[in-house]
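> Following the hints, put chain B in place on chain A, whose structure we already have.
So the chains spell out like this:
There are 2 protein chains.
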Amino acid sequence: MKKVFILSKRNIALLGLGTVGKVVYEEINNNVSYVLVKDITKKRNIQLSEKIITNDFQEIIQDKNIDIVIELIGGENPAYNYIKKSIKANKNVITANKEVMGKHGKELLNLAEKNNVFLLYEASVAGGIPIISPLVNDLSANEFSSIRGIINGTTNYILTKMSNQKLELSDVLKEAQDLGYAEADPTSDIDGFDAQYKISILSRIAFKSDVSIDQIYVEGISSIKSKDFGYASELGYTIKLLATASINQDKNLLVKVHPALIPNHVPMSSVNGVLNAVEIKGDLVGTLWFQGAGAGAKATASSVLSDLIKIQNTEKKIDINRKNTYEITSMSSHICQYYLRLNVSDKPGVLAGIAMEFGKKNISISSVLQKDLHDDGSADLVIMTYPSLERDMQASIKQIKNLDTVFNIKGMIRVESYK
Amino acid sequence: MKKVFILSKRNIALLGLGTVGKVVYEEINNNVSYVLVKDITKKRNIQLSEKIITNDFQEIIQDKNIDIVIELIGGENPAYNYIKKSIKANKNVITANKEVMGKHGKELLNLAEKNNVFLLYEASVAGGIPIISPLVNDLSANEFSSIRGIINGTTNYILTKMSNQKLELSDVLKEAQDLGYAEADPTSDIDGFDAQYKISILSRIAFKSDVSIDQIYVEGISSIKSKDFGYASELGYTIKLLATASINQDKNLLVKVHPALIPNHVPMSSVNGVLNAVEIKGDLVGTLWFQGAGAGAKATASSVLSDLIKIQNTEKKIDINRKNTYEITSMSSHICQYYLRLNVSDKPGVLAGIAMEFGKKNISISSVLQKDLHDDGSADLVIMTYPSLERDMQASIKQIKNLDTVFNIKGMIRVESYK
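Top to bottom, those sequences are chains A and B. For what it's worth, our numbering labels the leading residue of the first sequence as 1, then goes sequentially. For what it's worth, our numbering labels the leading residue of the second sequence as 1, then goes sequentially.
Next comes chain A alone, as it looks inside the complex (with noise of 0.2 Å):
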C-alpha cells in the first residue's frame, strides 16, 4: 500500500532517478513537477508524466515555483554544479551526495545560510540512520573525544563474506557486484574513498572544525588477505573497514580510513553484511552507538523524506504529516511464547494433565525441564510453549492451578520474537 503525503503543491524538483530517487518519486510524485535525467528516451519501469521528465537543469532553476531541490544523482560533477545554482536560485536543497558534501560542504553551507534556504544531506551518511541531525541538533551541549564507524556498506559486506567463508577479496567482489552491493568500478568503495567523504562530513559537524578532504588519511581494502582474518581471530579479533575522527594525545584532530582489527568482545565486531554502525563518544553523554542500514534504495529515501518533511513543517506552508489513528488494543491478543515455572508433584502423569490443559486452547508444549526435586517431595517444572494467545495462556493457566499435580505456578515470563 502506498503511503500518501498529504501534499498541495507541486513544488519539488527530482534531479536523477536510479534506485533511490524512484523509492522517493513514488512516495511524492503528486508534489514533483520535475525530474531531471540524462537520457529521457531511457525506458524505466517506473510511471512518468513525459510532461514532468526533462534533461534540462535550467528549465529547473527558472522555474520560481519550485523551491525544493533534491539532489540524488551522486558523484561529484554535475551535482555540486546544481546545487550550488540551487541554492543560489534561492531553492531548499536536499542531497544524499557525500561527495559533494564532503569535498564542498562548507562551502554550500555558508552559501545556503547567506541565502537562507535548507541544505539537508541527513542521507549522505549512513543511510537511514539519523547521525547527522543528531550531531548538529540532539547532542550539541557535548563537547566530543571520538567518532567511529563501519560507514561503508560494501567494504563491511566483502571483509564479512570474506572472513566467514574464507574467499579472497577478488571473489567476493564479483559476487557483490551481481548482487548489487558494489558498483562496475568499485574503487571509490574498496579504496576507501567514500568512507573518507563520509568521515569528513562528520567530523566538520561533531569538531566544529573544518576537516579538507586531503587532511584525512585513507587505507582501502585491497591488500586484506584471507588468512588475515585466521591470524586475527586466533588472536581474538576480527578485520573491519574503521573510518574515526578523534581528539589526540596533543588535542589535535586526527581523521582516517583503514582496514583495522577489532576485539571480538565490542560491539563493533558483530556489525555485518551491509549493517552500518557508528560510535560516538561525547564528555556528557558518555559513549552512544547507532545502528542500522547504511544503504539500499529505501533507508536512504527514509533520510531524503524525513528532510523533505522538516524543511516542509519549517515553513509551515502545509501539513506534510500523516495522522495515524490505531485502536488501542488490550494484551489480550498478543501472540508470543511463554516461558513457565511450577512447582509441580514429583510424579508420573503431571506433565500430561498440563499438556491436555494446554491442549484444550491449542497451546502446545516447545520444550520441558524438570529440576531441583525437593525435600518435600515436589520439583521444579519449567515449560516452554509455542506461541500462542495470552488470553488462552491466562485461561489455560487457572486450570492448571487446579490440578491436584501442581502446587503452584511459580513465574510465568513472555519470550521476545526476534523474527
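Hint data in this document are derived by calculation from the structure and do not stem from the laboratory. Keep in mind that this is a model prediction, so the values were computed, not measured. Take the hints with a grain of salt, since some may be wrong.
Identical chains blur together in the list; that is why a pair holds if it fits in one copy or across any two.
Said to hold, decoys possible - Here are the simulated DMTMM-like cross-link-like pairs (lysine to aspartate or glutamate), alpha carbons at most 20 Å apart as the crow flies:
(1) Lys401 to Asp346
(2) Lys371 to Glu168
(3) Lys103 to Glu327
(4) Lys106 to Asp214
(5) Lys42 to Glu26
(6) Lys161 to Asp178
(7) Lys398 to Glu168
(8) Lys251 to Glu327
(9) Lys43 to Asp171
(10) Lys419 to Asp250
(11) Lys410 to Asp191
(12) Lys410 to Glu168
(13) Lys419 to Glu59
(14) Lys225 to Asp372
(15) Lys51 to Asp372
(16) Lys398 to Glu219
What follows is chain B alone, placed relative to chain A:
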C-alpha cells in the same frame, strides 16, 4: 575544565537542584536567574548566590525576563502544575519528567502549540540517547511497526546482577540502593511504572496515537527469581524488562511493559547494567538500534542542554554554539597496536632480527604466530605489537624490509583500541 556557553542573557529559571539540576546549573550558571528549591536553607555542595535561589514559583512566573523554564524536579506534582503555568505564561519549557510527559504529554504539547512556545523533553526517555527528536524529525517519513527497548536502567542493573551473580532481587536491590542506582522507594522502577511512562511517550510520537497510561499493560520484575535465569539460560535466553509498542496482527497498537525472555543471539540480550537500548522498525529505514547511557546526571544533562541550544538557536537571539578550532593532525602521530604479516625465511634468528629493529624505536612485541611453512622454505610470521607511534612503525618497517631473513611484509593492519 568548565565549558563556556556563549550566552548573553539571564533568561533561564531552573526548577530543582538534584543531581541533574546541579550539572545543568554548572554549565549555564551565567544565564540562570532563578533556581527553585523546596528548602532554601538546605546545605548544598554547589556555589549558589543567595540572590537566585528561591522557593517561590510565582516570582518566576511573573518575571517577564524569563523565557525558558527547565523543570528537573521529577514526579507528577508540583512539576505538572509548574510546567502548565510556565507554558500559559508563554515561557519555553524543557523537562526530563517522564511521569508528567507520560500522563499529561498530549495536553501539555497542545497547550505549548497554542501558546507558540517550545516544550522539549528529550531527556525524559533514555537519558542521553537521542530518541525523541529522531522519531519526531529524522525518521518522520516512516510508518513504524515496532519500538522495543530496555528503558529502565535500575531494573536492567538489577536483572544483570541477578543473572551474573545468581542473586535474588532483594539482595541486589539493597546494593543498587547503596550505589545510588535505585531509589529509597524503588516501586516506580521495580513495578515497571517508569518504563510505562517512557513507552507511552515514545508510542505517542511514533504511532501518532494517544496512548493513555491505563491502556498500557505493565508487569514489573518482582516475581523473577534467580533460578529463572538458570533455566532461561539452558533454553538459550536471558531475561530483561522490555517495553514494547507494536502494531499487531489486527493492525492495532499494543503497548506493554513486562519481563521478557530474550534470545541470546540478538543484541538486546547483551544490553547490560545501567545501559539503555531502543530498537525501532520503520517501513523505509528497516531496523535501527540506539544504545547508550539511559540515566546518570551528565547523560541526562546532555539532552537537557541540547534542547536548550535548540531553543536558543531557533530563536536566533543569541549564539549559544561554541566554536572549536582543533588542529587537524596527520597519521604520523597516531598511536596504536599493529598487526603485521610477514613472509620470512624459516631459519633461527628471524624474530630476533625483527625484534632488534623494533627495539631501536621502542616498539615491543605482544604476540607472535608462526604459520604456514611454504614449499619454497619461507614461512608466514604474524606479529602483534604493543601501542606504538605510526611514524616509528613506518620507520621500523623500512628497516625490517631490508633484513635478509625477511622476504616481504605482506600486511600491516592497525588494531583499534577499545579501552
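> Quick check: which numbered hints come out false for this structure?
The structure conflicts with hints 7, 9, 13 and 15, although it agrees with all the remaining ones.
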